[in-house]
Structure formats: structure tokens, C-alpha cells
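Using the sequences and the hints, build the whole thing.
What follows is each chain in one-letter form.
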Amino acid sequence: MVEKITVLPPALELRSISKRFGAVQANRAVSFQVAAGSVHGLIGENGAGKSTVMNIVYGFHRADDGEILVNGRPVKISSTQDAIAAGIGMVHQHFMLVENFTVIENVMLGVEGGPLLAEGIAKAREALAKLGKDYGLDVPLDAIVGSLPVGLQQRVEIMKALHRGAQILILDEPTAVLTPQEADQLFRLLGRLREQGKTVLLVTHKLREIMAITDRVTVMRQGSVVAEVETKDTSPRELAEKMVGRSVLLQVQKGPARPGAELLTVSNLEVRDAQGVMRVKRVGFKLHGGEIVGIAGVAGNGQSELLEALAGMRAPVGGEIRFGGRDLVAEKIDPRGRRELGLAHVPEDRLRVGVVTSFSAQENLILGYQDHENFNRGLLMNNQAILEDCARKMAAYDVRPPQPGLRIAAFSGGNQQKLVVAREVDRAPTVLLVGQPTRGVDIGAIEFIHQRLIGLRDAGKAVLVVSVELDEILGLADRILVMAGGEIVGELSRAEATEEKIGLLMAGVREEKT
Amino acid sequence: MSTPKQLPRWADLILLPLVGLAAALLLSCGVIALLGESPWQAMRLMVDGAFGSQESIGYSLFYATNFIFTGLAVAVAFHAGLFNIGGEGQAYIGGLGAGLVCLWLGHWPFWAVLPLAVMGAAGFGAAWAFLPGLLQAKRGSHIVITTIMFNFIASALMTYLLVNVLIKPGQQSPETREFGSNSWMPFAHEILARVGLDFTATPLNLAFVLALGAAGLVWVFIWHTRWGYALRVVGQSPEAAVYAGISPSRITIMAMLLSGALAGGLGLNELMGSQHRILIDFPGGAGFVGIAVALMGRNHPVGIVFSAILFGALYQGGSQLTFDMPRVNRDMVVVIQGLVILSCGALENMFRQPLTALLGRRRKSGEGRS
Amino acid sequence: KDFSPAIVYDFGGKFDRSFNQSASEGAARFTTETGTAVREFEITNAAQREQAMQQMARRGATIIVAIGFTQASAVEKVAKQFPNVMFTIVDAVVDLPNVQSVNFREQESSFLCGMAAALASKTGKVGFIGGMDIPLIRKFALGYVEGAKFVNPSAEVFQNMTGSTPAAWGDPTKGAELAKSQFGRGADVVFHAAGATGIGVMQAAKDSGRLSIGCDSNQDYLHPGSVLTSAVKRVDVATYKAFLDAKNGTWKPGQIVLGLAEQGVDYSYDEFNRAVLTPEMKQKIDAAKADIISGKLKVSEYKVQ
Amino acid sequence: METYTLMVLLLAATIRVATPLLLAALAGMFSERAGVIDLGLEGKMLGAAFAAATVATVTGSAWLGLGAGMVTAIALSLLLGFACVTYRGNQVVAAMAVNIMVSGLGPTLALAWFNLGGQTPQLDAAGQRFTAVVWPWSQSARETPFPGLLYAELLSGHNLVVYLAAALVPAAAWLLYRTRFGLRLRAVGENPQAVDTAGISVTGLRYQAMIISGALCGVAGSYLSIAASSGFVRDMTAGKGYLALAALIFGKWRPYPTLAACLLFAFTDALAVRLQGVALPLVGVIPVQFILALPYVLTVLLLAGFVGRAVAPRAIGVPYSKEK
Ligand SMILES: Nc1ncnc2c1ncn2[C@@H]1O[C@H](COP(=O)(O)OP(=O)(O)OP(=O)(O)O)[C@@H](O)[C@H]1O
Ligand SMILES: Nc1ncnc2c1ncn2[C@@H]1O[C@H](COP(=O)(O)OP(=O)(O)OP(=O)(O)O)[C@@H](O)[C@H]1O
Ligand SMILES: [Mg+2]
Ligand SMILES: [Mg+2]
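Here the protein sequences come in this chain order: A, B, C and D.
When the letters of the first sequence are read in order and numbered with the working numbering, they come out as residues 621 to 1134.
When the letters of the second sequence are read in order and numbered with the working numbering, they come out as residues 8 to 377.
When the letters of the third sequence are read in order and numbered with the working numbering, they come out as residues 9 to 313.
When the letters of the fourth sequence are read in order and numbered with the working numbering, they come out as residues 63 to 386.
Listed below are several chain B residues computed to face chain A (Cβ distance under 10 angstroms; list not exhaustive):
| no. | residue |
| --- | --- |
| 1 | W230 |
| 2 | H231 |
| 3 | G235 |
| 4 | Y236 |
| 5 | Q243 |
| 6 | V249 |
Calculated from the structure, these hints are not laboratory results.
For each residue, glycine too, the CB sits at the ideal point set by N, CA and C.
Okay, here's the thing in C-alpha cells:
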């Protein structure tokens, strides 16, 4: 093995790639090599520039500067077509699928093999069957992609790349949407690819995955490569420190929970999504003061709908949500009314739901509280009060830069999230609902946000955290509910919860209720 | 819209529209030259015709008054994320409201008629916008299509009323009798005469002041009230609105009502201010011009007032042009309008990029609302 | 002071193949005969009427001819402001000492056209296509129906209007469709009073081998052999005469009503329609024409109640 | 028998009225499927109507007229593409601008060239227009109501463009669903990023769609000026472009349902013509204005009631850029 690598030129070599988006220097002279027939990891914090550099390799973005070599030969990649021709395939962080097309149509797109579809379809069907056999990729070819679970959609993406003859396969954060078990399946698949002589470039920020499967790993921070090491010569802690640039606490610091009175009771809750599909099925649980309850589960198993129903953004079709002596469902209390009762919400999708990106920070800090008497003076809004409130929260939550008039889009992800958390937490709500509290947020801000949530718990309030990051659930929660297929399939106390147990439950393997 | 490089705000608001305007006029000059007239002469005639005398100023501002109302109507809907193409029909029906008040109560004192007429115009205009708004909110019917259809339906309804119901007996023309003279908007020259200023008689009237007032109210409403805030949230992100407990469907309906009410204001100027009767097709396309006006004015009341004046000047200057240049006919003025909308509205990015490159060595980060 | 004539056309514009065009022909005739240029203006919105007339008056117009009933209120206003300028308005009445109001008895010519239609029709079914449903068009329609029934009491007259926006005067496709629809119901002669929409009506008649009747100006030449006749309204004569009288100092204010007797309206008969309007038909029509002129035959006039 | 004849005639009228609607709606289908809102149908048709009439007048050839109509509409379509695809301008605004500009430009040029006001000269000579194609034995077939009348009125006696439009529906369906181009076109309106990452140019596809849209609008516009009538008159599209768009939405952006929608609108129109001045049971004679408004009212009702939320191509109206 080792000999082979020294003999062959690297499958992919980047030389001094730079890319700037306006004010953001996303990549700064990035250079590294990927050995042929290896699985190479690329790791870095959110915003480190990983996706950008991979998009450059795939011809989706154009580098400002630098050179790309494939199999030792310099190639000019100025479009996706060039990349495909050079044998590069990519599975994007956000899938590039046409949802209302069938699998086979999606796979064919761009390589139809002729002006008419009919013959192309026949040929593609054959080729895909073979691919399926070779790699154990089993996908229903005539299913509509949008109706497939994400795990299968990902396989469609991989098939797409392989069908285009990819020798180098780039996967950008492929496991974010998978259960641990599905992730293991994916890794087995990657192993098979490596055996067949393909080169895999795995982009992630999860240390566990890097350690589990890669041969070599490149670490990026703030657009630059800061380290390149053999996986077997490193440790998670070392990688984490290289990623962040300082020593980090991989564990959340908190005292024991002291659960108090029951604050929120959910029973028999049923919720349909916009398409009318039942996404939450007869869900019931209780929240007590002084505890953080985590809801674990693979994305798309009803957590989002559950959270939206609790927050009042989506009307349930049945069931009860009792809070402060009222039934929120029967009384049809809207999100604003719930906030007034003391039920606050940090939404999962910050940019789309939690803020209005074109508004200033100051305007965003009254979102949901726009009718509050503090912010209004008679018919008009009290801009002075709004400004002062924002300035105060920015100071208290260490938001940088502390400029209330700055458009929210100009803040970094972490600071945007701090603003949202400030808005919702500062009022000390009785119950706080939080979705993906640290998605797209760097480690410094993660620590800060986690501390705020724990602070709220220690003040006797209840916090419900929904997250697809198991580490986060395990770090934060005092009690864990696992959702799969729209149901709560298990409840674990923090003490008894392990990654394996939760993983099994997430995959829908039920065990006896505790 | 968060293009990495950004124009400074002043350039975005003032320079960019001016560059677009210049390009449109340049193209228009080309067409005029094709017609065998001197473009230079034509432009001079237009500018002179628009601003060269008290009369031309009066007419320019008179037309501008209509465009302020319809431009504001488009802008309010736009802030809520709605494209209201129905300004024409809403203005038509709104005018009916104002007109009916004047017909019935034209003998009342002006101070008593005015508020009722304003309510009539706003109320009828809003009512005509209500159904498209409701259908958009509740049924998701494409508002662009429904408002266009409502323009046609408004025309049919008005023709029916003017031919069969409201027509002044014994008369050919499908128009109502003249309003009682108490209900006429005081003309600008009358008002100015009272304070001792001499101004040529033009149709410019008190409605211009009302239009400016409406612009001021819209500004306060959109940026300084919680309802305007809610409206902007819905326009920018319906999801965020739901999150904030703002009902997008309710805001959609509210925005359309407001939009229709503003469009109805046209009747105050055109009917109460100038024609003093309801007549066929009196909005004369001002509802559509409002789209261009709102766009050029960046959907901001101040911008709308200025671009309405620009379009008023284009109208007045254009009619002067056709008056004095026989080979330039009235359709040429329509072409110029189209070109202005094209280069100021649709092609603005074409000018934005070179302008940004020209100006934008140093990008000022940090802007408030946009 | 120089003699300076001016004319303001209505919305349709001076090339509407209808009465504005007819007026512009009158103005053109005046210009060629006297060498005096006529200042013209086509309006695009209501406020321009007044503005245009004022400007013309201020720039020294001696006489201003306003075409179309929609100009009445503007003429009334401006005529008061400029008592020394002569105004002639066509199709409306303005009662002022410096205004001459010229009106036509359109019903009389359309009565004759209705007769022609009924006489030429083999099916006993004839059609009428108007632009917008406004009093003037009803006036045409009423005369036409009476004329048809006068010849054939059991004649059936189909009536259609094109639309209810000003676009109705310029939609030849719709005009053609309306005509075809009437042909489908058995009509074999169709009369239009729909401006440029009528072009489509007449084309459809030609295409389907039926007959059409033109309006306002003599349109027989458009499709020789297919246009039965035209209801001619001599706006051109009225315009020309107003200018000429003003120039010669014989212009008088007051009301002028032009009917068959005054040759203000008529039906057309020329080399283009000689083949279709047979002598027998012509004879009957001419007889009725004489009766109308002599007052023996009364044609009712549509009145807005 | 009477009602049978009436129905046949109504249907024949429906076909004629539906033709320009259908052509424009199919045009809109291509651009909208590619993700570009096509309110510009109206202006493109009008431009084509003008060009077709002008060239047919000058050259005396209807075919050259049709060609000129198509070229003009394609040019306008490309202008829209330039504004909306290349420069990512607002699609609705660009379309309105083109509509307004064309409505002025046609009459202006017509006046300059022909001096007949906003019109082109009447097309009279043989070959300047597309006239009815009468099928063999139509005249004699008319005698036997069934199927003779159907044959004579419905099948025979339309002009070439009508048959062309009819043939274009299956052709469009085939292009959209059975070819590589169609697959890509549908994809680019749903998820342009997916198309881009598949190595296909989003811009290129959208321009192709705009060209097709222009070509079809060109046929539609030419139909108005050199087939259904005989010359160009200002604003002769009279809102047909907007109605076509409504039909497209009602037809959910699919060829056959769009055909059905166009036929329905046309039928309403034909029926409205019949209902003018006719006393109906219970309601009596409905004022003509309300009958004339029927197609528009129907459109609103259909959009509100039966169509509900038509699911537009997902990426419609959003200018594509990689770097968002
Ligand atoms: N299209 C774009 N336009 C502007 N800025 C961009 C764009 N894409 C990325 N950036 C910026 O470039 C930087 C690097 O982003 P990139 O997506 O490459 O990070 P990443 O390492 O993949 O992060 P994540 O873990 O969140 O996926 C970030 O600051 C981001 O805001
Ligand atoms: N659209 C934009 N306009 C202006 N500035 C921007 C924009 N997007 C990002 N930035 C700037 O680029 C920087 C990097 O953004 P990014 O979201 O990648 O930050 P980050 O490194 O992930 O930070 P954090 O850890 O706080 O999430 C931010 O500090 C922000 O000020
Ligand atoms: Mg990434
Ligand atoms: Mg970030």
C-alpha cells in the first residue's frame, strides 16, 4: 500500500488556491495532496472554507488564484463540466437533486446519452443496475426523489457521481443527515470504493468520522490549511485544537439538574406537514422546571414539525399542549400569544425563520415582540427604546460587532445566533424551545450559547432542545427523548443514555419503554 | 441581494436611477433620430415643455399627483411581497367612490365633502383590491393574474354604470353630470391667489398636497409603526412572520386594502380636481405607470414623489413634444416610458456592476434598512 | 392677424379609420385648397383636451375644431376663457356664443344601411357589430334595426359589442370573430360601427363570402364586391366647412344638425359597390331616403333617458 | 338539431379564438418551465403582429411575414433574457417594460413607415395572409349534419396557423417529456443548481427556452395580424397574453391541460358572444358589459376555486446565481 502511494502521483493536488467573496477571504493559499486510492479527510470549523475549496475543485466556483492537478497533471477547471471530464464527482452538502424527478432522471441529468430520452433511459438503467451490484447501492430507480428518505437521496447523489465516471469522489458533510447506523453503512460503502481504486475526499467537522475512516486528514482554519497529518498519528483532541486554534473543552460544564414543577404537558399531539403528511404521531411528554430535555433523532423524523407545533407556527390536527393552565391547541394561541405567556422559541432555521436577513440587528431584536409596549409609544414605534434594548443585549451576549444598525446578514453565523438567543432568552421565558442551537456556529459561540441555556435551566426554567448532533444532546440534556417516524420511540435519562442506545432508537429499533 | 460589493446608499438611490434614465433617454434620442427629427431639439422641447413655464410645471405636477397615488399603491403592496398590477382598476373604482360622494353631496360645504370623498375613494379602491388580496391569502391565487383580471372587470363595471346608470340624461358622452361646485378641489392657482401669488390656471389642485400627505403617512406607516413592521416582515420572509406571530394572510389582505385605497386617491385628483365628473377610462394608464414610478423610487415614498414628478414631466413634456413636432406622435412618448422602465428597473444590474467597480474601491460596510 | 386653424382629435387618433380620420381628411382638404396649415393634436388622456385647446388658443388659433362628444366639457371651459376664438365641436352640443355645435343624424344613414342589409340578405338575418356599448353606438344600432325591419318586418338582427375598454375600438381579431359568429347564426350582411375593429369585421365578411357595411367614412374600396355600402358621416365636410367659413368670415355659432337632407350623412354608392348594391335595392333605398328628407318617414333617435 | 348546429359552430369559434391563446400559452410554458416568469407574452405577440404585417405588406408574402414575426418576438424574448437571465433583473418589471415599449413602438414605426397612423396597410392581395384551408368535399359534407357538419366546420376551413397550433401541443409535450432538452428544461426550472452541478449551463438553457418562447409568440402574433385579421392595429393583442398566462397557470404548466384551459377560455368567449342580448331564463337579458367580463370573471373563479394552489416550477422568478 505505502509503496503504491509513493509511486503513483497524487490523485488530486491543490496548489495555493485562494478565493475571496467580497470581504470574506474564504480560502487563503490552500495546498494539499490527496493520494490515489485513499480516503482523505478535510476538517475544519463552520466557515473554515472547506466547502468553498471543494466547490472550486468541482468547478462550481472559480478560484481567484492557484492550481489544481489531477493525477499529477495540471488541469484547468473552469466549469463543472471540466471537473466531470477530469473524473471528479461531488456530493454536495445540500443535495443537488430535482425533487419531482425520478431517481433515474436525476442520475441521467447531464449525461443523457443522446437527444432522445428513451434509449438513454434504457442504457442508464443497465449501467445503474451494474453500479448497484458493484457497490451494493440499492435504490428504486423509478421512485420520485422527493419522496425518498434522505439516506437514499444521498445514495442517488453518489450514484450520480459514479455514473458520470468519477474517480475522485468528494463528499461534503455527508453524515449530517444520517443516523449513526446509516453513517456506518456509508462508511462501508466508502471502504468499498477505496477497494475499487477510487479516491474519496471526505469533508466534515466531526472528529469521530475522521478517526473512523480516513487515511490522512487536512485541517483548515479561517480559510487556510493549518495541518496535514496521517490519521493514525493523531487524536481527536489534537485535531480539535488545530481546528479551533486553542485548547477546547469537548465537554459541556454543568451541575446536576434539579427538576421542579411540571411546566408544559403535551399529549396525543398530531401534526401534519404542508403536504398533508402526518409527521408527528400521538406524541406526549412533560417538561419540568430546572431541566433540559433533549430530543434526538435523524433530521426529518418529525422533530421540526413538533417544534413548530409547540411554538404555534403550525396548527396540530389533534392533541393538547397545556401550558400555564391553558390549552394552547384548543385556544389556538399564536406564537406571539405564546411568547406573552412565557413560551419562547429559538428556531431551527435561523436565516429563514429566526431573522429577517435584510433587516438591521435592532429591527430583528423585536421580531415576535413588535407589539410589546416597551417598543411602542401610542401608534408609533419607540425607536429609541428599540435601539437601547438592542445595544444592551449586544453587550450582554457579546455580539460582535456591537452595531445595532448593521444588517443581520453582515453578522457571522455565530453572532446571528447569539442575537436570536439574546432575544429569546433575555426575557427569561418559563419554557424555551430551541432547535439546532449551534448549527453553523463556531466552537466559541457554542460554548457561550450552551452556557446560556444551562443558566436558564438553573434559574428553574424548562428548556427543550432539538438537535441532530448527538454530541450536543448528550452534552446538554438532562433527559433525552428519541424521535423516529414521528413518534417518541424512547426516553432515556442522561445517566443511562449512550450514543449506541440512542442510535438504535433513532434508527427505529424500539426497546422497552423505561 | 447581499452582493458582496455594494454601491454606497446615495449612489444606489440617486446615481443608479439617473444613469438608467440617461441611458433610456439616449436610446429614445436614437429612435427620434430614426424618425427624422433632431433629438437635441426634441429633448429641449421636452424639458422646456415639462418645466419651462408655470403652465407646464402645473401640468407636470398634476400628472405627478396621479402617479404618486398609484406609485405608493404599488410600493405598499411590494413591501408586503405582493405585485399589485391592479392599480388601474382600483383607481377606476376608487374614483367612482369619490365621484358618488361628490354627485350626492356636491352641494355640501367643501370641508364636509372632502373627508367623505377621501373615504369614498379609499374605501372603493380598497374594496376592489380586497378580493385579489383575499384570494392570494386564502387560496394562493396568483395576485398578478387576478389583479389584471380585476382591471378588466372594473372597466366592464364602470362602462355599465356610466352608460346605463350614471349617465347624465340627454347626453351622448358616457359621463355623469358635473359635480356640485362645492365639491371641487381648490385649484393651485386659486389657493396661491389667496395668498397673493399669481400662478397660471392649470389643473394642479389641492390633491397634490393630499398626495404628498399620503406619501408622508405611508412613510410613517411602513417604517414607524408595528403594522408597517409586520408588513415588511411578511414581504421579506413569510416564514419569519409566522414565527413572529404575524399572520401572512392577514397582512396580505391588509396590504392590498391599503394599496387599493391609495390607488383610489387618483380619483381625488383626476375627478374632483380636474374633470369634475366621472368619465370613461379616466385613470388613463396611470395605474400601470405607478409600477414604474414605485420601482424607480425604490419603493420609498420620497423616491416615489420624485419619480412621480419625473414621470409627470415625461407626460407633460411628451405631450408638448407631440404638439410641436408633428413627426413625433404620442406613441413615441409611450416608447420612452417603456425604455425608462426597462433601463431603470429591469436592467439596473447592468449599470450597477460598472458603477460599483467605478465607485467601490472601498466598500462602506454597514447600512440600515434597504 | 393671421388666420390660424386648429383641430383636436379624440382618443382614437386621427387614423382611426373612422370619424377622427374623416375629420383629418377634411382638414387636409382645407390645407391643400387654401395652403393654410392646420395645427393638430391627438390626446392621450383626459386632461390634455383642455390643455391642448388652451395652448392653441393662446398661440393665436382663430378657430379650433374639437372632434368627438368627449370634448364637450373641455370646449365649454376653454370657450369661456377665450371668447374671441371660434370653436366648432362635432357630435355634441355646447351652448355658448362662440361655439358651433355640429351633430349628425346617424340614425338616418344607418336606417338606409339597415334597408340595404335586409334587401341584400337572403337569409333574412343581418348583423350589427359595435365597439363599446355607448349611446352613440346605440343610435347607430337603433336606426339600423329600424331600416332592416322596414324592409322585412320579420328580419332578425343580431347585435354584438366588442368590449368595454377603449381597446374595443381597435381589436380586429375580435371583430372578425364576432362577424364569423353572426355568420354562423345565419347572418349574411353585417354592419360595423366599431372603428378599427371594423377592419376585422369587413375582412371576415370577405373571407366568408358575405357582405359587410362600412361606417363613418366611405369604406367601399376596402373590399370591392364584398362591402355592400357604407354609412357615411361627413365629418370631413363639417370640418372643412367650419375652417372655410371661419376663413371667409361666414362662420356662425349655434347648433347645426346634419342629416340626409343636408347631405351630412348618407349611404355610399360608387364603382366599388355597384356590383352588389343592385339598382332595385338602390331604388328602394332612394325612395326611403326621399321620404325621410321630406319628413314622411320618421326614424327614431336613441335618447338617453 | 338547432342546438347541435349551435354547438358545432360554437366549437368552431372556440378553436379560432383558442389558437393565439394556445400558442402564447405554450410559449409561456417553455420560459416558465425554465424558471422565467413570462408576463412579456403580450408584448412579444404585439411586436410579432407588427413585424409580420409590415413584412407581409412589403414583400407580399405571408410566409416571410411569419418569419419576421418570429424573428421579432425572438429578439424581444432575448432582450428579456438579457435583462432577467444575464443581468438578473426583476422578471415582472422587465416584462412590463417590454410590453409598454412595444405598444408604443409598433404604432410609432407604422406611422413613420406607412403614414397610416398606428396601422399597417390592409393586406389584400393573395398570399399576403394565411387564409382558410378548405378541405375537400367540405361544401357537400355540410349537407349531412353528422358527421358532415363537424367535418366542414370543425376540421376544415381554418387557416394554416390553427392547424400548426394544434400540432404544436403534442410536439411540445414530446419535446418536454421525451427529449434530453426537455429533461434539462424541466430541471432548470425546478432546481437550477442541480443543473449547474451536472455540468449544464443554466444561462444557456434559459436562453434556449426564451428563444422557443419567442418563436411561439411570434407565430401567435402573426396569427393575429396576418391570419385572423388583415394588418396591424395598435394594441391588437388586447390582453390575450395575460389571458394565455392565466391559462398556463390553470393548466399547471403542462401541455395538454393548458390546451384544455385555452379551449375553456375560448369557449367562454365564444359563448359570451352568443349570450349578448339573449334573454336567459330567470335572469333575463344580462347587460352586455357583464357578458363581456365573463372570461375574466371565469379566470378569477377558476384560479380561486378549482385550481387552488397551482404548484409553479419551484425556481420560477428567482434569478440564478451561484454565489448567493
Ligand atoms: N457564495 C458565497 N458568497 C459569499 N460568501 C461565501 C459564499 N460561500 C461561502 N462564503 C463564505 O466563505 C466562508 C467559507 O465558507 P464555506 O462554506 O467554505 O465553509 P465550510 O467550511 O464549508 O463551513 P460549514 O462547515 O458551515 O459548511 C464563510 O465565511 C462563508 O460565509
Ligand atoms: N453577506 C455578507 N455581507 C457582509 N459581510 C459578511 C457577509 N457574510 C459574511 N460576512 C462577514 O464575513 C465574516 C465571516 O462570516 P462567517 O459566517 O463565515 O463567520 P464565521 O467565521 O463562521 O464566524 P462565526 O464563528 O461567528 O460563525 C463575518 O464576520 C461577517 O462579518
Ligand atoms: Mg460547508
Ligand atoms: Mg459561521
